[in-house]
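Chains A and B, in that order, give the protein sequences. Going letter by letter, the first sequence gives residues 1 to 367 in my numbering. Going letter by letter, the second sequence gives residues 368 to 492 in my numbering.
Don't read these hints as lab results, they were simulated from the structure. As the structure is a prediction and not an experimental result, all values here were calculated from the model. Positions of the beta carbon are idealized from the N, C-alpha and C atoms, including for glycine. Please note that the accuracy of each hint is not assured.
[Unchecked claim] Residues on chain A that point at chain B, a partial pick, calculated with CB under 10 Å:
hint, residue
1, Gly36
2, Gln275
3, Val345
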Amino acid sequence: MTDELATTPLDALHRQLSAKMVPFAGYAMPVQYPTGILAEHIHCRAAAGLFDVSHMGQVMLQGPQAAAALEALVPGDIQGLPEGRIRYSMFTNPQGGILDDLMITNAGAFLLLVVNAACKEADFAHLRSQLPADLLVEPLRDRALLALQGPAAAAVMRRLAPGSEDMAFMSFRTLSVAGISCWVSRSGYTGEDGFEISLPNAHAEALARHFLADPLVKPIGLGARDSLRLEAGLCLYGADIDASTTPIEAGLAWSISRRRREGGGYPGASVLARQLTEGVGRLRVGLRPEDKAPARAHTVITLADGRPVGEITSGGYGPSLSGPLAMGYVEPAYASPGTALMLVVRGLARPARVVTMPFVPHRYRKG
Amino acid sequence: MSKIYFTKDHEWIRIEADIGTVGITDYAQHALGDVVFVELPDLGRQVAQGAEAAVVESVKAASEVYAPVAGEVTEVNEAIVVDPALVNQDPQGQGWFFRLRLANPAAVEGLLDEKAYDALIRALE
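Based on the sequences and whatever the hints tell you, model everything.
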């Protein structure tokens with residue numbers, strides 16, 4: 001099996017850094033480096049971490065009325081997305097379920113979409129089959145994606161790309177980074193300030209080495225990427241959201257503008273409109289176990305009397321919290337912060353409390 | 368004099384008279400990564416050979432620790448509950464999990480000795 005895995009342009013670098021490589025979405029990916037997930041996580045919140053996210057799908061959408069056409073597939077406001085800005089949205093199915101979540105950038109001459117690795121081939125096919133034939137749908141298989149995240153990311157980036165420090169959160173620019181022309185986004189998946197940098201495969205290792213030459217920067221694997229995003233309250237596709245969950249149930253209604261709520265015109269729009277007015281049967285919430293036992297995905301959530309009211313979709317240990325945390329779905333009556341619930345871990349009901357997310361405050365760049 | 372045995376599931380058991388001290392091997396702690404939580408058996412519990420006796424969790428996943436042989440739990444290591452990182456730092460010393468009074472001291476002869484366990488993990492690496 002191992003030899004069938006795809007590799008990213010940083011594969012040799014990961015191995016040189018003695019990463020523990022695991023299969024993920026068909027790619028050999030670093031789950032951790034020798035210092036381990038805890039140290040990587042803490043370092044990213046204290047200084048800066050470099051992530052290889054080249055397995056993710058990048059696709060260019062180009063042609064007349066691309067934004068209007070894309071709105072037929074996503075509930076986000078894409079026509080209202082100014083040039084140089086990024087928006088989070090999702091592909092929905094006719095039931096309002098989420099086929100994938102994605103970042104959409106108005107890059108001026110085209111729209112840049114970044115989608116999940118495990119969904120990318122299906123997403124490319126979806127775009128090709130659903131969008132008008134005069135739109136160019138071009139998967140950018142020759143581009144790598146690096147993420148530089150953490151409170152020191154801006155200072156590190158400024159040394160290699162003067163001017164990048166002024167970029168607003170969720171903005172996009174084409175910049176020369178260490179002499180390499182890159183597509184730079186002020187965004188990320190950790191709750192920290194940072195950048196996501198798309199560049200040609202051929203230059204990816206050189207740029208990664210430039211970043212890693214800075215003593216503030218350490219490489220971060222998928223293990224810490226998951227614990228960081230969980231503390232930030234961000235959804236993982238396939239765990240917290242999937243084709244059976246809607247953006248309303250998932251607490252992602254903020255990503256749907258008033259115009260799109262009222263105008264519809266995307267798959268499942270009527271379902272979502274109904275859920276927005278009549279409510280939903282379940283809501284995504286954050287949970288903090290009151291003892292130390294982590295509660296993992298698929299843990300049953302009950303009331304004190306044992307009645308099941310939901311299920312955990314992501315859970316584990318939060319290194320920045322020094323304790324367990326989870327997110328999952330519960331009946332709306334039990335979704336208010338402070339609600340006492342039980343988590344059934346190894347047959348034992350253990351107390352937990354609904355909390356507001358993020359678990360660790362976001363530290364995105366303001367303005 | 369103590370003697371140490373191992374299981375294919377990467378537990379070790381050090382025998383002194385009829386008491387066995389149980390933990391996970393260096394290979395196991397390395398494979399798990401940073402240990403962040405352990406759950407130990409109740410004192411006095413009778414555990415069967417191969418039964419789940421403790422739980423060890425890393426950031427990523429939970430794993431069971433099985434009793435290498437049958438016995439009664441006589442002592443647990445509260446130090447690793449307070450500081451789970453001891454399991455990573457000193458898996459065959461301060462990172463021990465629990466002690467058993469062996470139901471049948473001869474049962475350890477069915478386990479792996481150090482040489483056989485070393486051969487097993489060499490084959491895995």
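Consistency of the hints with the structure:
no., hint, verdict
1, Gly36, "holds (5 Å)"
2, Gln275, "violated (34 Å)"
3, Val345, "holds (9 Å)"
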